[in-house]
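K.L.:
Residue numbers (the working numbering), protein chains in the order written: chain S, 2 to 138; chain W, 2 to 138; chain B, 2 to 138; chain G, 2 to 138; chain L, 2 to 138; chain Z, 2 to 138.
Everything labelled a hint here was simulated from the structure, so no lab data went into it. Errors might be hidden in some of the hints.
Pairs count within a copy or across copies, as identical chains cannot be separated in the list.
Below, a list of computed lysine-lysine pairs in the DSBU-like style, where the Cα atoms sit at most 30 Å apart [as the list claims (entries may be wrong)]:
hint	residue 1	residue 2
1	Lys-78	Lys-65
2	Lys-74	Lys-51
3	Lys-33	Lys-115
Quick caveat, the model's predicted, so the values are computed rather than measured.
Here are the chains, one letter per residue:
Protein chains: 6
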Amino acid sequence: MIHLTRRERFNAAHMLWNDKWDEQKNIEVFGKCANKNWHGHNFELFVTVKGDINKDTGFVINLKDLSQLIQYKVIDKLDHKNLNLDVDFMKGKMTSTEVLAIAIWEELDEGIAKLGATLHSIKVQETENNFVEYFGQ
Amino acid sequence: MIHLTRRERFNAAHMLWNDKWDEQKNIEVFGKCANKNWHGHNFELFVTVKGDINKDTGFVINLKDLSQLIQYKVIDKLDHKNLNLDVDFMKGKMTSTEVLAIAIWEELDEGIAKLGATLHSIKVQETENNFVEYFGQ
Amino acid sequence: MIHLTRRERFNAAHMLWNDKWDEQKNIEVFGKCANKNWHGHNFELFVTVKGDINKDTGFVINLKDLSQLIQYKVIDKLDHKNLNLDVDFMKGKMTSTEVLAIAIWEELDEGIAKLGATLHSIKVQETENNFVEYFGQ
Amino acid sequence: MIHLTRRERFNAAHMLWNDKWDEQKNIEVFGKCANKNWHGHNFELFVTVKGDINKDTGFVINLKDLSQLIQYKVIDKLDHKNLNLDVDFMKGKMTSTEVLAIAIWEELDEGIAKLGATLHSIKVQETENNFVEYFGQ
Amino acid sequence: MIHLTRRERFNAAHMLWNDKWDEQKNIEVFGKCANKNWHGHNFELFVTVKGDINKDTGFVINLKDLSQLIQYKVIDKLDHKNLNLDVDFMKGKMTSTEVLAIAIWEELDEGIAKLGATLHSIKVQETENNFVEYFGQ
Amino acid sequence: MIHLTRRERFNAAHMLWNDKWDEQKNIEVFGKCANKNWHGHNFELFVTVKGDINKDTGFVINLKDLSQLIQYKVIDKLDHKNLNLDVDFMKGKMTSTEVLAIAIWEELDEGIAKLGATLHSIKVQETENNFVEYFGQ
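Generate coordinates for the entire structure from the input sequences, incorporating the hints supplied.
P.N.:
Below, the structure is given as structure tokens:
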């Protein structure tokens, strides 16, 4: 059993806002992140998979396949997009880094299994000071 | 004569769009950066000043003063903002990294002179692959 | 259950020295780190907490609260200080990175619980080549 | 129980190739990595050990000893070498990052035990986008 | 006048060797870099261009065009290659970082002029400790 | 003419203090950096030399020679030392990054000339947010 991690990146806009609350409460909780005109980040995504090594290739998973899967299921939908408005798998959700990481897990879990490995963790880095990691429930 | 550089950071949304052009032309030129729902970045700003060393302090400029100036004149206006909508000194301008760097120069030049040093360059890093530098005309 | 990590930084002086040993023995064990006139580092601190996501915020913990707690309990006491002489929670301890990480855990554990999350790990990076991680006993 | 990680680096050439397959199949599976004239990387190696803290030193392990062990058993054999041709402990193996990480584990496991700690993981970073981690079986 | 820099990366093998010298002299001068079985690096390439800002785009040069030019003229020829054996524009040359930087300048200078900007510098980073910069003669 | 840069690192303690001033004035000017019990940093040093390429080697300067010179004249004197107390070439000087950069220039200038190249700049990075560069007078 060995772990392999692939990093990908995307640049996106978002806003933290809870429609159930008034503006004052939103600003109290989310601070500058509640700016109604949006702000944005260079996000870094680390997808870690695990599995046994294929004797013929020396690989857990072919990085070409893993990278294509992440590109198609996640990056194409997030890069240069608005997380609140443009992304099918974020519809109706808060766009916190935590919620985003779980949503990305759900996008990738099945496809990675089909490639013969197991999804181990999703790490999303929002700034050089903040990141979240999700390991499934 | 010695150079000193201070790095600051801000997270902002923006869009590249020229109102004189139709949508097709904008997408042709600006690609994904023309997404009407905005996208965003973690920008890094490097402000380089130059001058002679003060014998009593060993400093070209007191970093505390320089950092406060950048905070007040630039970061407070850009951080968690929309470069196209929220920023007084970007009104009516393209929000390319090039134009942003020159606008930041104009915000800081005079204040740095008052602190006794000379502004040497503004570097704005938009992603880990792209940055611009402006040295004044 | 999701993990969230906050990075903070501090610059401090220290010395590795065991009073029970003579100078020769200290130099033999600690090498250059036993310099009696002190040396120092830019330390990086990574505090990882875990918990369930709050439905209203999308957060495990509000980063503003976590950051304030770390600032008040740890950074204010360590930054621009001497780890051997200035820090109440390091009194009478070796100032190795290992011991420092455990001491920081003890400073933060209770406060993070009060914020509704669980402290998962403390990582302290002393140089780009060395770091330690503590996960509680 | 605490974890300590030491980073070391080496620059090496390699090629991904399975002798059981013809050229077409090798290129199909390994892509550009099957270039017969070799390519190479700046590899980063992170060795993580764990154990209890020695009261007299505050250390899990003396970094000087750990670094010397890694140097002698691993770096001297890999740095500025060809992973397919020059390295005794890679003879007859695929030179994927996965296989390399396991081979490095086997080189270091015993020596770290003799230094009084336990090897926890080997991380090998091949590019800024790809790394693997091995935790023993 | 403003400067814009694009970073690209490539992984390559090479060897430092002067055919006019015997083996002893080569090892004396080039040390481990003279290993006849090759070694390799993750090279980083920084291409800096300068020019005036186009009023309609806010750009010195369209990064899409610059990136495509670098890809076609340089990266496709260097990535996952052997600098001594595979690269047309390095034939008969020493593969030091210095010589490589100048050769890349010659590959790109004309194409950048055709895109309406001026090549300002080529920076090639071989390891995190060493890089060279060439500004034209 | 081409530029080559070598990075080296050292960890040191220091304090900013002007003996001509009382404590209040020192704290007013130097803030936390005036802590009498010292603080410290992981400094990064970038030495840039320039010259013509030697036809036989492809080098401006042999990195082995440059690195040894920097080690002997600078790093051995600064690493794990106190800049105010331990360093011959800092005696009686303020230990600001600016003054340190100039002092390092003076230590290296002549030796680099003897190796056949010209010293172009000294860059000293004190934290990830602050660095200075000196290009000679």
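K.L.:
Are there hints from earlier that the structure breaks, and if so, what are their numbers?
P.N.:
none
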